[in-house]
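Chemist: Residues per chain, in single letters:
Protein chains: 2
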Amino acid sequence: MGEFGLIERIKSKLSLPHKDIIKGIGDDACVTDIQKGKALLSTTDTLIEGVHFDLRFTSAYNLGKKSLAVNISDIAAMGGVPRFFLISLGIPPKLSVEFIDEFTSGIFDVSHSCQTHIVGGDTSFSPDRFFINITILGEAFKGDVICRDNAHVADQIFVTGNLGDSALGLKILMDRNCTSKVEEIFKELIEKHLCPTPRVSEGKLIAKNRIATAMIDISDGLISDLEHICNQSKVGAKIWIENLPLSDAFQKYSLKFTDTPIDMSLCGGEDYELLFTVDRRKMDLLRKIMPILKTKVTHIGEIVEQKNGITVLHRNGQVYPVKRKGFDHFPITFKDQVSF
Amino acid sequence: MGEFGLIERIKSKLSLPHKDIIKGIGDDACVTDIQKGKALLSTTDTLIEGVHFDLRFTSAYNLGKKSLAVNISDIAAMGGVPRFFLISLGIPPKLSVEFIDEFTSGIFDVSHSCQTHIVGGDTSFSPDRFFINITILGEAFKGDVICRDNAHVADQIFVTGNLGDSALGLKILMDRNCTSKVEEIFKELIEKHLCPTPRVSEGKLIAKNRIATAMIDISDGLISDLEHICNQSKVGAKIWIENLPLSDAFQKYSLKFTDTPIDMSLCGGEDYELLFTVDRRKMDLLRKIMPILKTKVTHIGEIVEQKNGITVLHRNGQVYPVKRKGFDHFPITFKDQVSF
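So the sequences go chain by chain: X and L. For what it's worth, the working numbering labels the leading residue of the first sequence as 1, then goes sequentially. For what it's worth, the working numbering labels the leading residue of the second sequence as 1, then goes sequentially.
Same shape as in the complex, but just chain X (with noise of 0.2 angstroms):
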């Protein structure tokens, strides 16, 4: 099969028409509509094989979904709806044709469930790797927009879904270094690693309910994004350990791969939960707002003054030495990854 019967056989399976389309792709650009009063969010990330995902560890399926949903993941930390996106593929000679029909299922039920379209595509022949790199364009009314930087002394610090769950997730994958060899019981945490949900209802409520001051999606780990939202809004934080959301599977298994599950939960990466602040007097508009919440959100800290940085607390006050180091999404070269 050539180059252009690949190309159609993915953009045949991509594009649908939307009534905000105006010009789908097969021009030298897409055309689209937005809405009136809205502002235009826009973020684009790179995935390269071997330095952000492992062809051993994930099937083509499941990388094309986690390729979008953690694209639509930085959307919904805005408080915006996720419109539009632009993919380009680099691919190797290695990979078969089954391989990218696979992928770009994954692609198409993520943008599926999502309500979001294709706006544009470039495939290239890749000598060695594979990579993938998605732009996704989003929606938002101005007012609704959530930034890292407006969290103030005395907000509340809330968190969605559990912690800790996809580095445990990695962890397994790696020391059976191979997905066939995972045992049933730990398929939970390995999909929370593979196939993440961009908690996109979610933020959209927040945002509609202005409940949030600032907010953004862990990526990098709890303490690290966090760190984003502090140095942004020149504040500090306490983060008290018996709240962190722990899910069963973790609590359970964590410590059969490793001795500091609360250093995973606090620093391993890719959950794509929301991390938020909240004004005190925005608590009980929460409150009754967090039943229609499709996922549950943990009450997990305070911001403080800057001057005392983030610290990480038991109950009784000690303060809890956070160990970073060993907790970086993929291993080889996350710290050289930088999104803007």
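By construction, these hints were calculated from the structure, which means they are not laboratory data. Take these hints with a grain of salt, some might be off.
[Unchecked claim] Straight line, CA to CA, 20 angstroms or less: simulated PhoX-like cross-link-like pairs of lysine-lysine:
1) X:K208 x X:K36
2) X:K36 x L:K234
3) X:K23 x L:K13
4) L:K208 x X:K23
5) L:K19 x X:K234
6) X:K208 x L:K23
7) X:K142 x L:K36
8) X:K36 x L:K187
9) X:K19 x L:K38
10) L:K142 x X:K38
11) X:K19 x L:K204
12) X:K38 x L:K36
13) X:K38 x L:K234
14) X:K38 x L:K23
15) X:K142 x L:K38
16) X:K36 x L:K19
17) X:K23 x L:K234
18) X:K23 x L:K94
19) L:K19 x X:K38
20) X:K142 x L:K23
21) L:K36 x X:K19
22) L:K19 x X:K142
Since the structure of chain X is provided, determine the placement of chain L on it from the hints.
Modeler: Frame of chain X, contents of chain L only:
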């Protein structure tokens, strides 16, 4: 210098405040404003070292310029104005900070001259090759957008600038095998290959005056790009050889480097000129605005019925048999790249 230092350099160099950028780079996503009544144009392109460029032939500065320019050219070909761009870089260890600085300067100079602003980025460690992905966002009034699918029989075919210079420039670079060995007299041709100028103001004027029925930028070569218009518009075309616009340098030197200069001008890629079709009734209007266009415009052919296909003719009506082989823009694997 750490990776964060590098990012800060790139960010500080590229990021300028702009009234339509509500929130610039540094958050989960950028937040921008799109003007009322305008459509959003989007397209993405990847350049991979050894596939689309060769670091022996281009300086970092020129590579930066070209990376952004070829994307902007796609927006120009829709009759739009480039507004924002997102850039992802995969940076191998062999590249120096100075290289990235110069590359960024090239990007900046084009973004500045085309009034295009950065709204997202990602830098990753890349184990072997340098690669660049740029997504560009443009704007156009909805009624002004010019697609590829609206050429009609009897429309006249025009092209901006000259044809074949870029292909000849590349041929010279490859023959000499090193930029420093290229003689001064060929510099103009090399420049056309390494630093193409996107025809933004020309495209905008053509769009604003509703002169063109279809338009495309010439990236794959005149014949290939004309094929895109013909296939999508369901028409054929004839091109008059004697009318092909050739630069003085091309006329003077092309025979030193190729036995088939006509084929080079017909099939050589990367001229990034605008190819467009005009309804006969708009010819007077076109002639009227020609003097205010920054670039010359040449009448090179006519749209015919689809069943006649695309033919290239001598003045006496004799058909010229086009030889397409050997003029792919970057020789190794060009046929493997498809933008959609």
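Chemist: Let me make sure I understand: some of the numbered hints might not hold for this structure. Which ones are they, in numerical order?
Modeler: Checked against the structure, the hints that fail are numbers 2, 3, 5, 8, 11, 13, 18, while the rest are satisfied.
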